[in-house]
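Please model the complete structure; the sequences and the hints are all you need to start from.
Quick note, the sequence shown lines up with residues 1089 to 1553 if you use the numbering used here.
Keep in mind the hints are simulated off the structure, nothing from the lab. A hint or two may mislead.
Stated by the list, open to error - Each computed DSS-like pair below joins lysine-lysine, with the alpha-carbon atoms no more than 27 Å apart:
#  : residue 1 : residue 2
1  : 1454      : 1481
2  : 1459      : 1140
3  : 1539      : 1245
4  : 1419      : 1469
5  : 1245      : 1493
6  : 1307      : 1318
7  : 1539      : 1455
8  : 1454      : 1469
9  : 1345      : 1161
10 : 1419      : 1245
11 : 1481      : 1345
12 : 1469      : 1103
13 : 1125      : 1103
14 : 1469      : 1293
15 : 1245      : 1397
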Amino acid sequence: MLGVVIDFESTSEPKYIQLYRYLKSEIENATIPPFEKLPSVRMLSQTLKVSKVTVENAYNQLQLEGYIESRAKSGYFVMQLGNHDLMIKRPYAYKTTSSGFVRETAKPYNSDGAEASTFNFTQWRKVVNRVLEYDTEQLLSYGDVKGELMLRTEIAKFVRHTRGVACEPEQIVIGAGIQYLFGLIATMFRRDHGIIAFEHPGFSKGMNVFEDYGYERAKIPLESDGIDIKALEASNAKVVYVSPSHQYPMGGVMGIKKRLQLLEWASKSKGYIIEDDYDSLLRYDGMPVPALQGLKDGEHVIYVGSFSKLLIPALRISFMVIPRSLNDEFKRVISRYSQSVSKIEQLALARYMAEGAFERHIRRIKKTYGKKNQLLLETFKAINSRWLSLVGKGSGLHVILRLDKSVNRDVFISACEAVGILLEPVVGDNDRIVVFSYSGILDDQMMEVVKTMCHTAEASAQCSK
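Structural data, given as structure tokens:
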């Protein structure tokens, strides 16, 4: 291990990412065997002539993804990953190329929207105008039921480049929101699968779609590293919904071992995994975790993504990647429907991505929301309320809040909603926690908003007496 030599100057990629990639590859190939102890941070930094921070960041990312574990007073050790045949087969890149929506409301806050400063409306208007000027012929037809080829091509390039998703444009389907796409999936599987498994707690609006289509829902509990595989096997479900890179709502990350076990379950049971890549790009303490679909060949994974959180809520464009094994069955389903997204918006987004504006936008909002997330953490720490506390550090655009046991959760949520602070009760066995989406809160509102929630929690506790 200490004989490794990495040419850090061969690329402009940060050194910690180069070291992370190298160690990850060695672990996946079993060159560094399971249970082996890695060199200490100090020793490896001296050997490679890099800073301790470089080694720490590489180790932290490997630990986040489940490749290694940290043992108190012992150091870092390689985890047992399981079936190595399911490891990543295709390279993927994280590097980007060079090339606050506020609703009208009388309420003082708009917590679940977007901050207006995060989106360049002038630039978007110019893109839309170019579509109206140069793409008029395309606007005179209804277009492809799967979505415009230009947009599907750009999405295929983007998810391959940023998420390690392997797909071609013909596998991609565009839809107006995740729930619309779930409706298509529910229709496709309804004849053969009567049970849908969901993480518990999980995405309630997704569950609602499948229940409306007559599915029986199997609630699969979460473990520290993701969904409980044994409980999934016992459920007899052949389709399961997961959000492995940023579990909603609890925010956890599914480790590599659990991902391999889940893929093995799908292969053995001839089942399918719906991977919701919710908020995966908005990590503030390391790199985004690669998509589950990028493991093996993705033949048992339906990958789902959305632009609503990354751009503005009013832009209702989502997409999914259909495995080739489902191509014929999906053609049968989608032929019965019309495309649900405006052709103008599809072509505008395609141009926006092709011109490099979308990747620049992602880099910008990561900085903005990263600072906002840190401000939120500091504000809760400063107030230190006994009635309301923050759970974890948070990533993406929401955090989990825990209420004191004396607080009436329903009263608290209703009172906050009245002033534009939208909270969602966690669908699970714990009625003390709620989801707080903070993306639309301005920085200079943060202290006021947190104080309002804490005072409301205290008042709600008094109401319950």
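Checking one constraint from the list: CA of residue 1454 to CA of residue 1469, max 27 Å. Satisfied? holds (22 Å)
Decide if the proposed pair is consistent with the structure: residue 1245 and residue 1493, CA atoms, cutoff 27 Å inclusive. violated (48 Å)
Quick one, are residue 1459 and residue 1140 close enough, alpha carbons at most 27 Å? holds (24 Å)
With a cut-off of 27 Å on the C-alpha distance, tell me whether residue 1125 and residue 1103 pass. Holds: residue 1125 and residue 1103 sit about 22 Å apart, inside 27 Å.
So if I understand the rule, the pair passes when the alpha-carbon distance is 27 Å or less; does residue 1539 with residue 1455 pass? Between residue 1539 and residue 1455 the Cα gap is close to 25 Å, so the pair holds against 27 Å.
Tell me if the straight-line CA distance from residue 1469 to residue 1293 falls inside 27 Å. violated (32 Å)
Holds or violated: residue 1345 and residue 1161, Cα atoms, limit 27 Å. The given pair, whose Cα atoms are some 24 Å apart, holds under the 27 Å limit.
Holds or violated: are the alpha carbons of residue 1481 and residue 1345 at most 27 Å from each other? The given pair, whose Cα atoms are some 24 Å apart, holds under the 27 Å limit.
Is residue 1419 close enough to residue 1245, meaning Cα to Cα at most 27 Å? This hinted pair holds, its Cα atoms lying about 23 Å apart.
For the pair supplied as a hint, residue 1454 and residue 1481, confirm whether the alpha-carbon distance does not exceed 27 Å. holds (15 Å)
Given the hinted pair residue 1245 and residue 1397, is their Cα-Cα distance within 27 Å? Within the cut-off at roughly 20 Å; holds.
When you check the alpha-carbon spacing of residue 1419 and residue 1469, does it fall within 27 Å? violated (53 Å)
The earlier numbered hints that this structure contradicts are 3, 4, 5, 12, 14.
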